[in-house]
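Asker: Residues per chain, in single letters:
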Amino acid sequence: MSWVNAVIQGILLGGLYALFACGLSILFGVIRVVNLAHGDFAVLAAYLALFVVTTTHLPALTSVVIVAPLFAVLGYAGQRLIIQKSLDVSPLTTLLVSFGLSVVIQNALLVFASADSHSFDVGGLISASLRITPELSIAYVSLLIFGTAVVVLIGLQLFLSRTAMGREIRAAADDQEAASIAGVDTHHVFGIAAAIAFASVALAGLALGTYSSFDPSAGPPRLIFAFEAVIIGGLGSLWGTLLGGIVLGVAQTIGAQIDPSGGVLAGHLVFLAVLVFRPQGLIRARLAT
Amino acid sequence: MLEIRNLTVRHGYLQAVSNVSLMVSAGETVAIIGANGAGKSTLLRSIIGLHRPSAGSILLDGRDITALPPHARVREGIALVPEGRRLFPSLSVEENLLVGRSSGRPGSWSVERVFQLFPWTGERRREPTVHLSGGELQAVAIGRALMANPRVLLLDELSLGLAPTMVRRIYGVLPELVAGGMAVLLVEQDVAQALRVADRFQCLLEGRTTLEGTPPDATPATIETAYFGPVGRGPGSAA
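Those protein sequences? They're chains A and B, same order as listed. Using the numbering used here, the letters of the first sequence map in sequence onto residues 1 to 289. Using the numbering used here, the letters of the second sequence map in sequence onto residues 290 to 528.
In case anyone wonders, no lab produced these hints; they're calculated from the structure. Possibly wrong hints are sitting among the right ones.
What follows is a list of derived Cβ distance ranges for each label pair [unchecked claim]:
| id | chain 1 | residue 1 | chain 2 | residue 2 | range |
| --- | --- | --- | --- | --- | --- |
| 1 | B | Ser-399 | A | Pro-91 | 30 to 40 Å |
| 2 | A | Phe-112 | B | Glu-401 | 57 to 67 Å |
| 3 | A | Arg-32 | B | Glu-412 | 33 to 43 Å |
| 4 | B | Gly-301 | A | Leu-158 | 42 to 52 Å |
| 5 | A | Leu-158 | B | Pro-378 | 20 to 30 Å |
| 6 | B | Gln-405 | A | Phe-99 | 45 to 55 Å |
| 7 | B | Gln-405 | A | Leu-130 | 52 to 62 Å |
| 8 | B | Pro-378 | A | Gly-155 | 18 to 28 Å |
Simulated crosslink set (SDA-like; lysine to any residue; CA at most 20 Å straight-line) [as the list claims (entries may be wrong)]:
| id | chain 1 | residue 1 | chain 2 | residue 2 |
| --- | --- | --- | --- | --- |
| 9 | A | Lys-85 | A | His-188 |
| 10 | A | Lys-85 | B | Tyr-460 |
| 11 | A | Lys-85 | B | Leu-339 |
Footprint (simulated), chain B over chain A, 3 or more residues, beta carbon under 8 Å [what the hints assert, rightly or not]:
| id | segment |
| --- | --- |
| 12 | 164–172 |
| 13 | 184–190 |
In this text, all values refer to a predicted model and were calculated from it rather than measured experimentally. Every residue gets a Cβ at the ideal spot worked out from N, C-alpha and C, and that includes glycine.
Put together the whole structure using the sequences plus the hints.
Answerer: Structure, rendered in structure tokens:
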């Protein structure tokens with residue numbers, strides 16, 4: 001039964017990783033930007049939510065209605081003002097800029113929020129769980145995060161495949177120049193894609209703060225897991241990020257079942273195996289098709 | 290309608306287009322001919338805004354559009370069918386056409402009207418473009434440009450990679466377009482094809498205009514000189 005438990009917990013953990021990975025996948029798939037500050041932005045969102053909660057005394061999870069739109073605006077502005085400018089210089093510049101942002105965010109958080117670790121006070125929700133058998137129970141928090149990831153991915157899928165803006169995003173991702181001569185304002189479209197990616201990273205940050213604790217340096221390890229989920233699932237494939245997240249999550253929980261300290265290592269080994277035997281990822285698809 | 294004044298475009302140290310002027314009026318078809326590397330495609334790409342000219346200006350109905358980005362020029366009524374078609378591989382045929390409407394410019398073109406214009410293309414609107422033949426790809430590329438309801442249509446090497454019968458079919462739609470008042474500026478390596486459809490032509494050699502006129506003026510000897518430079522002077526000395 002403990003093995004079944006490990007698999008189920010791993011699948012649910014995959015939801016958290018998918019939430020981290022989908023923003024990374026959009027930024028790479030559409031704008032061709034590798035955002036090394038992705039994990040740090042999630043942590044920044046978590047701190048922002050903490051700030052909102054302590055100043056307004058709203059319930060912890062309602063802060064999402066403030067933090068996610070704020071991050072969407074941050075994403076749009078960041079794309080138009082910083083990322084696009086560095087993209088115009090060279091793709092390598094964006095890598096350096098995002099690495100710089102990562103360092104800046106971590107140090108700013110250290111200065112303004114100290115190195116103490118925090119987590120959200122979600123009341124009784126944190127310990128409540130769905131009891132399936134006496135040995136098997138699923139925490140509502142894990143279910144909530146997994147559900148959020150699935151809803152986000154379905155929403156993104158519908159947005160990209162059914163709306164005019166989604167079509168323009170896919171066109172610009174295919175061929176930016178051809179999109180511009182077809183009348184697409186590609187800089188605006190990239191801004192919208194970045195806004196979506198940043199709103200999703202805000203959700204990932206909130207999920208992180210609910211699922212476990214966070215401190216200013218919690219970003220980079222999350223970035224590694226997000227990268228692994230994206231690459232296991234297949235670059236540029238939305239559902240691939242969920243599959244990749246689940247594979248990584250299950251590998252980690254089963255690894256931890258074998259040896260309590262072996263979870264993270266098992267995840268890395270599965271990632272390496274995918275890189276060696278199926279470098280294109282498990283799902284080879286284009287955005288939203 | 291479209292006027293180019295003394296346009297100069299540089300690629301690094303290379304001057305791809307030098308001091309070229311031309312005019313296309315409503316309902317007129319003008320062909321740019323010339324050898325490989327004469328600057329024909331660069332000229333078209335500069336008109337849509339993909340290259341910034343280092344000198345000269347581009348006017349549409351007397352309004353200077355030289356500083357506008359490509360999508361804004363599409364909104365003003367210029368559309369380009371690019372060399373190599375450049376369709377979006379992850380989009381269906383219909384979606385490719387719909388992207389052409391992104392500028393929001395009003396007009397009468399619709400997906401249905403594009404399919405009416407090319408009745409010989411199959412009913413494949415839901416299929417990805419990878420299943421299409423070269424002629425069908427070119428038809429979709431022209432359709433995508435028409436969906437922007439352009440007043441000026443720029444055509445870059447439509448005949449490239451197509452069988453001669455297909456080339457004639459593709460060019461066969463031009464009379465219907467110009468009859469509606471559209472201005473057409475086309476670049477073509479196939480000189481005979483270009484002269485068949487054009488009202489006027491302009492020949493480029495190393496980025497400069499070497500000959501212009503109407504197709505009856507074009508004798509094989511004048512075209513050859515305009516194409517390759519005067520006899521006894523290598524193309525290098527012409528620059």
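Asker: Which of the numbered hints are not met once you compare them with the structure shown?
Answerer: Failing hint: just 10.
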